[in-house]
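*Asks:* Sequence order for the protein chains is A and B.
For the first sequence, position 234 matches number 234 in my numbering, and the numbering has no gaps at all.
For the second sequence, position 257 matches number 257 in my numbering, and the numbering has no gaps at all.
If you are wondering where the hints come from, they were derived from the structure by calculation, not from laboratory data.
We put the CB at the ideal spot given by N, CA and C, even for glycine.
Take these hints with a grain of salt, some might be off.
Rough simulated footprint, nothing fancy, chain B against chain A, three-plus residues with beta-carbon under 8 Å [unchecked claim]:
id, segment
1, 21-29
2, 77-85
3, 140-148
4, 248-255
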Amino acid sequence: MFRIVDKKQFSDKVYSLVVEAPRVAKARRPGHFVIVRTGEGGERIPLTIADADPSRGTITLVVQAVGASTECICALEPGQCFDDLVGPLGRATDIALRGTVVCCGGGVGVAPLLPIVRAMKEAGNRVVSVIAARTSDLVILADEVRAASDELIVMTDDGSLGRKGLVTQGVEEVLLREQVDEVVAIGPAIMMKFVAELTRKYDVPTICSLNTIMVDGTGMCGACRVTVGGRMRFVCVDGPEFDAHQVDFDEMLMRMRAYNPKP
Amino acid sequence: MNTLTDRNAAWREELRSAIPAKERAAIPRAVMPMLAPDVRVTNNDEVNLGLTPLQAVTEATRCLDCADPGCVQGCPVSIDIPSFVKNVQRGRIDAAAAVLARSSALPAVCGRVCPQERQCESKCIYNKMKKAPVAIGYLERFAADTARETGAQPTPERAAPNGIKVAVVGSGPAGLSFAGDMARRGFDVTVFEALHEIGGVLKYGIPEFRLPNCVVDAELQRLIAMGVRFEKDTVVGKTLSYDDLLNEGFRGVFVASGAGLPRFMGIPGENLNGVLSSNEYLTRINLMGAGRGAMTPVEKGRRVMVVGGGNTAMDSVRTARRMGAEEAFVVYRRGSEEMPARVEEIRHAEEEGVTFLTLHNPLEYIGDENGHVRAVRLQKMRLGEPDASGRRSPEPIEGAVTEMAVDQVIVSVGVSPNPLIPDCIDGLEVTRRGTLVVDENLHTSIPTIYAGGDIVRGGATVILAMGDGRHAAASMAAALT
Numbered sequence: 001m002f003r004i005v006d007k008k009q010f011s012d013k014v015y016s017l018v019v020e021a022p023r024v025a026k027a028r029r030p031g032h033f034v035i036v037r038t039g040e041g042g043e044r045i046p047l048t049i050a051d052a053d054p055s056r057g058t059i060t061l062v063v064q065a066v067g068a069s070t071e072c073i074c075a076l077e078p079g080q081c082f083d084d085l086v087g088p089l090g091r092a093t094d095i096a097l098r099g100t101v102v103c104c105g106g107g108v109g110v111a112p113l114l115p116i117v118r119a120m121k122e123a124g125n126r127v128v129s130v131i132a133a134r135t136s137d138l139v140i141l142a143d144e145v146r147a148a149s150d151e152l153i154v155m156t157d158d159g160s161l162g163r164k165g166l167v168t169q170g171v172e173e174v175l176l177r178e179q180v181d182e183v184v185a186i187g188p189a190i191m192m193k194f195v196a197e198l199t200r201k202y203d204v205p206t207i208c209s210l211n212t213i214m215v216d217g218t219g220m221c222g223a224c225r226v227t228v229g230g231r232m233r234f235v236c237v238d239g240p241e242f243d244a245h246q247v248d249f250d251e252m253l254m255r256m257r258a259y260n261p262k263p
Numbered sequence: 001m002n003t004l005t006d007r008n009a010a011w012r013e014e015l016r017s018a019i020p021a022k023e024r025a026a027i028p029r030a031v032m033p034m035l036a037p038d039v040r041v042t043n044n045d046e047v048n049l050g051l052t053p054l055q056a057v058t059e060a061t062r063c064l065d066c067a068d069p070g071c072v073q074g075c076p077v078s079i080d081i082p083s084f085v086k087n088v089q090r091g092r093i094d095a096a097a098a099v100l101a102r103s104s105a106l107p108a109v110c111g112r113v114c115p116q117e118r119q120c121e122s123k124c125i126y127n128k129m130k131k132a133p134v135a136i137g138y139l140e141r142f143a144a145d146t147a148r149e150t151g152a153q154p155t156p157e158r159a160a161p162n163g164i165k166v167a168v169v170g171s172g173p174a175g176l177s178f179a180g181d182m183a184r185r186g187f188d189v190t191v192f193e194a195l196h197e198i199g200g201v202l203k204y205g206i207p208e209f210r211l212p213n214c215v216v217d218a219e220l221q222r223l224i225a226m227g228v229r230f231e232k233d234t235v236v237g238k239t240l241s242y243d244d245l246l247n248e249g250f251r252g253v254f255v256a257s258g259a260g261l262p263r264f265m266g267i268p269g270e271n272l273n274g275v276l277s278s279n280e281y282l283t284r285i286n287l288m289g290a291g292r293g294a295m296t297p298v299e300k301g302r303r304v305m306v307v308g309g310g311n312t313a314m315d316s317v318r319t320a321r322r323m324g325a326e327e328a329f330v331v332y333r334r335g336s337e338e339m340p341a342r343v344e345e346i347r348h349a350e351e352e353g354v355t356f357l358t359l360h361n362p363l364e365y366i367g368d369e370n371g372h373v374r375a376v377r378l379q380k381m382r383l384g385e386p387d388a389s390g391r392r393s394p395e396p397i398e399g400a401v402t403e404m405a406v407d408q409v410i411v412s413v414g415v416s417p418n419p420l421i422p423d424c425i426d427g428l429e430v431t432r433r434g435t436l437v438v439d440e441n442l443h444t445s446i447p448t449i450y451a452g453g454d455i456v457r458g459g460a461t462v463i464l465a466m467g468d469g470r471h472a473a474a475s476m477a478a479a480l481t
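Please model the entire structure based on the sequences and the hints provided.
*Replies:* As structure tokens, this is what we get:
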């Protein structure tokens, strides 16, 4: 069960794993995530689904090694298995014909963005994608996003690929030049916060996908709670996508530091 | 009639006449041997050690074997209590275990976690005689444990397989009880569990010092031996849709997905770091092994406050002591009389050095510069006049607000039904509270779907969930055969 059939290295710490999970491959929609667990005493780690092939019964996960558990996951080789993989979890993205949609992704957030880009395009939208990373080596899935979009803007902090600047600059450029009906933002919480602040100024509806701390991922523990529009919501069952203009990002950023080493 | 349960069997009449009732009634109730409090807060070992064989036989002797036993009426799964107790008395533990197995899929669990003082034992004739009731729970545990440890564990008699496939959503007490009863009737049963361990609340919720995992696993092995299949990592409604289940040939579905969502109070500071639900705290520690070498982290608070007065609150506060809390408090807005937790759990918590702040209610949490809780403001309460339900409701004492330093807060004020199943199955009728609507046969608004346990009750006990499992099994079996 949950055998890894293919593995690619995207950058220093980012890997793509193709995993056998036939039921998940069949049931998943853009926006869904899974929880994986590996090894005796392993943690439950939520990962968004980057792609799926129902005919082969596989899903693609893109993982960044940021801690002990994700390092274990990235060390898995084809032929090895996850002990557990459950999903698809969360609510799927609300895909509809909106007009022009800007899909922006930062770092590893481009992976879950890709299926949304494809689905938004398929639904008849004009899709302008803006993907960003610190440097060219960390830009992932650019070809795939380009192929699925009407236009792709690549931004890097150091200008080593595409244009120099932050994701918000790329998004603002599009907002200034044309009518945009929706923005989808996926990436680090701080990036989504700044995208939300930008699009609020332009009054463009914006969806973000939150990557909070989770344990069970099915609504049971409440570790993933966030404040959205003044209400407590659970990312795992009410999300992971929310109206970015309603999310209390400062609280979320604070909560994501809960298990960081004490200062 | 079966001689194990026939009250008029010769062996049983002999037991009744061997010692006069008056003499039997003079025997004091058994005292459960247990670990010393200062030892148990240093480890996760089970606190109650179980009766010795001599204690068990003596306790079983106390039972007067009433012609019209009240205890059976007090049992949500209608265990034939006098029959198993009398089999314990005559030393036939295998027979006692066989009697238990007819009514309960999880006797070793129930013997530990049932609130017997509110159920079977509250109906014991001894209460009317102003004496302590027969320790039915201790005896149930003794019989189940002894049978397991000596290999005398019975696999219940099973009807010939009828080839009818039924699915169970959730492997907690309701689901397991349903699965056992349906397997016994010859159905082909598959239990789907969302988590990576089977057992539901028995694994993620109830700590090992109250219910060791090996006890739960042994009960699960028995269900597997009866032909029940378990599929973990499967969320019905997500991994498999209801239509997928129908397409796979399942003719009935029992939804026992549990209560799910933890409730919070909606007070300022509740989202500070260091404030978490009892579900999160217990899941990290019990299911994930946090704090005991596994990779999942958990904070080990030094001054820990638990909000709430139920069993989950007691499990949390006692866990906090075991995780190294120097001071652990229970804050409850009513008085100690009103606490819903079992008396035994409250007593054990007190023995373990837990401080109870009854008639206190948190108003606000105060954080430090890093967004971590450092203090709580507590409102002192008093009990007002009885309300319509006869319960005296707590009311704030004006101006009586204190601040207390805490570095971890565990919120244990109940759960709301998990919306996952109702959201994923069209046409499933829910109440205003989000629980599933069922009729007297536990039948939902969809003909093939039954439901029970906390997804219907909204937050109850293991044994009531098990009772629902039995009840739903009887209803579904009647409908499908």
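*Asks:* Each hint should be assessed against the structure and marked as holding or not.
*Replies:* Tested hints:
no.	hint	in the structure
1	21-29	holds (count 3)
2	77-85	holds (count 3)
3	140-148	violated (count 0)
4	248-255	holds (count 3)
Violated hint: 3 only; the structure is consistent with all others.
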